[in-house]
Structures are given as structure tokens and as C-alpha cells.
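Visitor: Starting from the known structure of chain A, arrange chain B on it as the hints suggest.
Line by line, the protein sequences are chains A and B.
First residue of the first sequence: 9, per my numbering; consecutive thereafter.
First residue of the second sequence: 7, per my numbering; consecutive thereafter.
Just so you know, these hints were derived from the structure itself, not from any lab.
Think of the CB as a built atom: it goes at the ideal place given N, C-alpha and C, for glycine as much as any other residue.
Hints may be right or wrong, so weigh each one.
[Unchecked claim] From the structure, some residues in chain A lie toward chain B, with a derived Cβ separation under 7 Å:
1) Phe66
2) Leu147
3) Gly149
[What the hints assert, rightly or not] Straight-line alpha carbon distances no greater than 27 Å define the calculated DSS-like cross-link-like pairs of lysine-lysine that follow:
4) Lys32/A with Lys134/B
5) Lys181/B with Lys64/B
6) Lys249/B with Lys181/B
7) Lys194/B with Lys181/B
8) Lys32/A with Lys194/B
9) Lys273/B with Lys249/B
10) Lys86/B with Lys251/B
11) Lys134/B with Lys181/B
12) Lys86/B with Lys194/B
13) Lys273/B with Lys32/A
14) Lys32/A with Lys86/B
15) Lys86/B with Lys117/B
16) Lys194/B with Lys249/B
17) Lys249/B with Lys134/B
18) Lys273/B with Lys194/B
19) Lys194/B with Lys271/B
20) Lys251/B with Lys32/A
21) Lys32/A with Lys181/B
[Unchecked claim] Quick list of simulated restraints, FRET-style, between CB atoms:
22) Asp274/B with Val92/A: 29 to 35 Å
23) Leu83/B with Leu60/A: 56 to 62 Å
24) Val63/A with Gly213/B: 55 to 61 Å
25) Arg70/B with Leu164/A: 47 to 53 Å
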Amino acid sequence: MSRTGIWQFLSFFIYLLVQVVLMKNLVLFNTAFCFIYIAFILFLPIETNILLLMVLGFVMGFLVDIFYDSLGMHASALVLLAFVRNFWLSRITPQGGYDAGEGPTLAANGLQWFLIYAIPLIFIHHFTLFFIEAGGFGLLGYTFSKVFFSTIFTFLTVLLLQYMLPGQRRS
Amino acid sequence: MDRLFYFFYQYRAFFTFLVLELFAAWLIVQNNQYQSTKFFNSSNHLAANIISTTQGVKEYFSLRRINTELAEENAQLRTKLEQRNQSLYNLEVREIKDPKIINRFDFVSAKVISNSVERFKNYITINKGALDGIAPGMAVISVAGAVGKVKSVSDHYAVLISLLNTEEFTSSVIKRTNHFGSINWDGKDPLYSQLNFIPRHADPVVGDTVVTSGFNAVFPAGVLVGIIDEVNLGPEAQFYDLKVKLAQDFSKLAFVEIVRSNLLKEKDSLEQITIGLPK
Numbered sequence: 009m010s011r012t013g014i015w016q017f018l019s020f021f022i023y024l025l026v027q028v029v030l031m032k033n034l035v036l037f038n039t040a041f042c043f044i045y046i047a048f049i050l051f052l053p054i055e056t057n058i059l060l061l062m063v064l065g066f067v068m069g070f071l072v073d074i075f076y077d078s079l080g081m082h083a084s085a086l087v088l089l090a091f092v093r094n095f096w097l098s099r100i101t102p103q104g105g106y107d108a109g110e111g112p113t114l115a116a117n118g119l120q121w122f123l124i125y126a127i128p129l130i131f132i133h134h135f136t137l138f139f140i141e142a143g144g145f146g147l148l149g150y151t152f153s154k155v156f157f158s159t160i161f162t163f164l165t166v167l168l169l170q171y172m173l174p175g176q177r178r179s
Numbered sequence: 007m008d009r010l011f012y013f014f015y016q017y018r019a020f021f022t023f024l025v026l027e028l029f030a031a032w033l034i035v036q037n038n039q040y041q042s043t044k045f046f047n048s049s050n051h052l053a054a055n056i057i058s059t060t061q062g063v064k065e066y067f068s069l070r071r072i073n074t075e076l077a078e079e080n081a082q083l084r085t086k087l088e089q090r091n092q093s094l095y096n097l098e099v100r101e102i103k104d105p106k107i108i109n110r111f112d113f114v115s116a117k118v119i120s121n122s123v124e125r126f127k128n129y130i131t132i133n134k135g136a137l138d139g140i141a142p143g144m145a146v147i148s149v150a151g152a153v154g155k156v157k158s159v160s161d162h163y164a165v166l167i168s169l170l171n172t173e174e175f176t177s178s179v180i181k182r183t184n185h186f187g188s189i190n191w192d193g194k195d196p197l198y199s200q201l202n203f204i205p206r207h208a209d210p211v212v213g214d215t216v217v218t219s220g221f222n223a224v225f226p227a228g229v230l231v232g233i234i235d236e237v238n239l240g241p242e243a244q245f246y247d248l249k250v251k252l253a254q255d256f257s258k259l260a261f262v263e264i265v266r267s268n269l270l271k272e273k274d275s276l277e278q279i280t281i282g283l284p285k
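Chain A with its partners taken away, still in its complex shape:
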């Protein structure tokens, strides 16, 4: 296993732990949630096989579900995110294409690209998650405000992580 492989293997558990120990207790104004664990799927290398991506997404979602007592919800939302991710990546390929072996990171592709990449994906994940949890479109406005503010919260955390994490940045 290469060095990045080991790092990715470890980061799986780090994201999971941070989510269920820290972020589970951090909900702002009863509406803004932070689901940082999706960053694991967001930042896997660009050429990652979509099948592997979905299986990893399912396992990660399933483990988070155990802690949230919401069996299946996070799993289905994250599998959807993993399924859509590679299509979205190929749609927004910058001029000249991606560098080989590069992750879809801020450092590699710039802030503007990163905004376009991350926000829709985070939104899709949160949208699915909250509407599955609400069990339909009964509380449309309220659920939408949860989706909206949580997307902002998660995105800001992901962005912060991009600036902070060592090893992901090209020096």
C-alpha cells in the first residue's frame, strides 16, 4: 500500500470519529448540522473507481447511522453522493484536464473550481438526507432551511479543512 493509500485508510476512521464524537454534538441554532464525514468521499482521488466509491460510501454511511440510530439514511444519501461524484467531476473538468494522481482539492484546482465542485454535491447529500429523515415533503419550508444552513456549515468546515490539512496540498 502506498503512502497516500495508508493516509486514506486512516482518514476514513478519523472522519468517522470526528463526526460521531464532535460534530454529532455540534448543531447550531437547531438547524445547522455539520456532516464532515462526506469529505472522505469528496476528496478521494479523481480516478477512483465508482464501484469502490459507492461501497466505501455505503460502509461509511452505515457506520455513521449506527451512532445516529438512523439505520440506512446516511448510507443512502452518501451512496447517492458517491454515484454522482464522478459524473460531476467529468462535467467540470478544467481546461487542460486534471493532473494524474491528484485529488479534487482546493490546492490543485483553485477556489472557484472548488466552489463549483463541492457545493452542489454537499447540497445533494443534505437534501436527500433531510428529506428522507422528514419522511416526505410535509414540512417543506422547515426542512429546506435545515438543508440550506447545513450545506453552508458543512461547506465552510470542508473549506477550512482544505486550508489546514497537511499532505493534501502541493507545496
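Guide: Showing chain B alone in chain A's frame:
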């Protein structure tokens, strides 16, 4: 046949996606079914251990408040006991002879290790489980009032379905008028819940007390649920829209008591003989 396999191979991503999503959907539906002894929830050993360590840290910040609350409860219970003794003495009532009636309900105290109020379906994890005699379906109360029901148990932990869960219905009565309805949370404000199915001819007013009815023998009768905060009646509605301020502030839940109803089996089997199996 080859073409079929080729077709599946070509769209393998989509089919894997479909299979995983269907599996997740099956899990969601399974999990929604009430009362179960399952492994994959926060009552499983490893998950509960991690959660209770986190809670251990968090608890330090609220120790003072919890202490005060417990002391207050103690004083309250002592007063109540003394009053009861006095009135029994005055009335010259002999104690009820049948110990089974006296011990109809047992109370097991437990600590909350995980709790949420922000989601649509909120659950509470506590640190007592099957080894302490807790089983799915038991009622849970706190100092202030009703809290919820036990959903699933492991050996040392249990997951409760909180009153703040859009799928939880609790049979309750308005104490003053004796009309009964059902408490069901609407998923919005964790301080308020809704009381449904109070008929048009009842006249609930703001400030009426809502208590559990005891009809389902899960909750003892008369456990405080909340106080009516808003009364609405649509022009052609059959039932009132009642907003109830919950007695228990769920965001500050620290200790709960599980109610073991010892006569539940007897009552259920009697009803089964006369009414038939519940649907």
C-alpha cells in the same frame, strides 16, 4: 445471454447504485418498525462505549445543575411521602393487601449517554440494558414528566424513542375535562408538542394540564406530559389543534427512570381473550 451480461456489465455502476440504495431503503423501513432487539444501533457495545466517553466529558459542564435538580427531586418526594402518610393516617386507610398491586410499577434509574432534539426522529441512549431487566416497550419518565419508550436493548445499554419523534404517539388525557387524545410531535420546536384528537365538543383552555392516560398500560396513568399553550379550532375541523408545552426540557435531560409495568402481561392477555389480538 452474452448480450444480457454485456448490458449489465456496461451499466454496472448504475446497477450497483441501485442495489445499494435498495438495501439502504430496506434498512430504513426495517428500522422504523417499532420495538426490536437489534445490533446495529447506538446500544451496541462499541458505539455505546464511544458515546458514553463523550458524554462523560460533556457532563462535567452540567454537574452542578444536575445535582441541584436531583436534590430538589429528593425534597419533593420526601414531602409527597410525608403528605401521603399523613392522609392515610387521618383516613385510617389500611394498606392495600395485595403486594402485586402495590408493586405494580418498578422504577429503574438510568443515565442518559446520548440525546438529540434537533432531528425529526430523535432517540435517547441510556446506560441500562437487558441485564437490568429493561425490555422494549417500557415507558420512560423523568423528574419533570414523560420522556418516551424503550425501542431496543443490548446487555448494558438501551435506545429510547423520545417524545420528540414524529412517529411516536402517546395516549394522554386533559386532566380537567378527562378528554383523551394522542401526543405527537410535529418535528419543529423541541419545547412544544401537539395534542391530537381532542373532539370539538371538549373545551380545552390554555393552561390545562395534559397527563398520560394509562390506557396502554405502558405509562402509569397521570404522568405529567405538559401544559396546553395554544388552542386552535378550525371552522370545520373535527378536532382541536392543541399546542402543548412539554414539562421536560429534552435538551437538558440527564437522568431518567424506566417504568417496569409488572402487570402488563396479565392485562394484555386478559384483553386478548376478550377483544382479540391487537392489530
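Visitor: For each hint, tell me whether it holds in the structure or not.
Guide: Do the hints match the structure? See the list:
Interface hint status for phenylalanine 66/A: upheld, as the beta-carbon distance to the closest one in chain B is roughly 5 Å, under 7 Å. Look at leucine 147/A: its Cβ gets to within about 6 Å of chain B, closer than 7 Å, so that hint holds up. With its C-beta approaching chain B no nearer than about 10 Å, glycine 149/A sits outside the 7 Å limit, and its interface hint is violated. Simply put, lysine 32/A and lysine 134/B have alpha-carbon atoms about 22 Å apart, close enough for the 27 Å limit, and the pair holds.
For the given pair, lysine 181/B sits about 37 Å from lysine 64/B by alpha-carbon distance, which is inconsistent with the 27 Å threshold. With a C-alpha separation of about 15 Å, the suggested pair lysine 249/B and lysine 181/B falls inside the 27 Å cut-off, and the hint holds. About 25 Å separates the Cα atoms of lysine 194/B and lysine 181/B, which keeps this hinted pair within 27 Å; it holds. With a C-alpha separation of about 19 Å, the suggested pair lysine 32/A and lysine 194/B falls inside the 27 Å cut-off, and the hint holds.
Between lysine 273/B and lysine 249/B the CA atoms are separated by roughly 32 Å; this puts the pair beyond 27 Å, and the hint is violated. Using a Cα cut-off of 27 Å, the hinted pair lysine 86/B and lysine 251/B holds, with the two alpha carbons roughly 25 Å apart. Between the alpha carbons of lysine 134/B and lysine 181/B the distance comes to roughly 32 Å, so the proposed pair goes past 27 Å and is violated. Taking the CA atoms of lysine 86/B and lysine 194/B, the gap is about 35 Å. The hint is violated against a cut of 27 Å.
Using a Cα cut-off of 27 Å, the hinted pair lysine 273/B and lysine 32/A is violated, with the two alpha carbons roughly 41 Å apart. The straight-line distance between the Cα atoms of lysine 32/A and lysine 86/B is roughly 39 Å, outside the 27 Å bound, and the hint therefore fails. Distance hint between lysine 86/B and lysine 117/B is fulfilled; the C-alpha atoms sit about 24 Å from each other, no more than 27 Å. Annotation: proposed proximity of lysine 194/B to lysine 249/B holds, straight-line Cα distance about 12 Å (limit 27 Å).
Restraint check for lysine 249/B and lysine 134/B: the C-alpha separation of about 33 Å exceeds 27 Å, so the hint is violated. Taking the CA atoms of lysine 273/B and lysine 194/B, the gap is near 36 Å; set against the 27 Å cutoff, the hint is violated. For the given pair, lysine 194/B sits about 36 Å from lysine 271/B by alpha-carbon distance, which is inconsistent with the 27 Å threshold. At roughly 26 Å between alpha-carbon atoms, lysine 251/B and lysine 32/A fall within 27 Å of each other, so this suggested pair holds.
Using a Cα cut-off of 27 Å, the hinted pair lysine 32/A and lysine 181/B is violated, with the two alpha carbons roughly 38 Å apart. The hinted window of 29 to 35 Å between aspartate 274/B and valine 92/A is violated, with their beta carbons roughly 49 Å apart. Taken as a hint, the range 56 to 62 Å holds for the pair leucine 83/B and leucine 60/A, whose Cβ atoms sit roughly 59 Å apart. One distance hint, 55 to 61 Å for the beta-carbon pair valine 63/A and glycine 213/B, holds here, with the actual separation near 56 Å.
Judged by the Cβ atoms, the range 47 to 53 Å given for arginine 70/B and leucine 164/A is violated: they are separated by roughly 33 Å.
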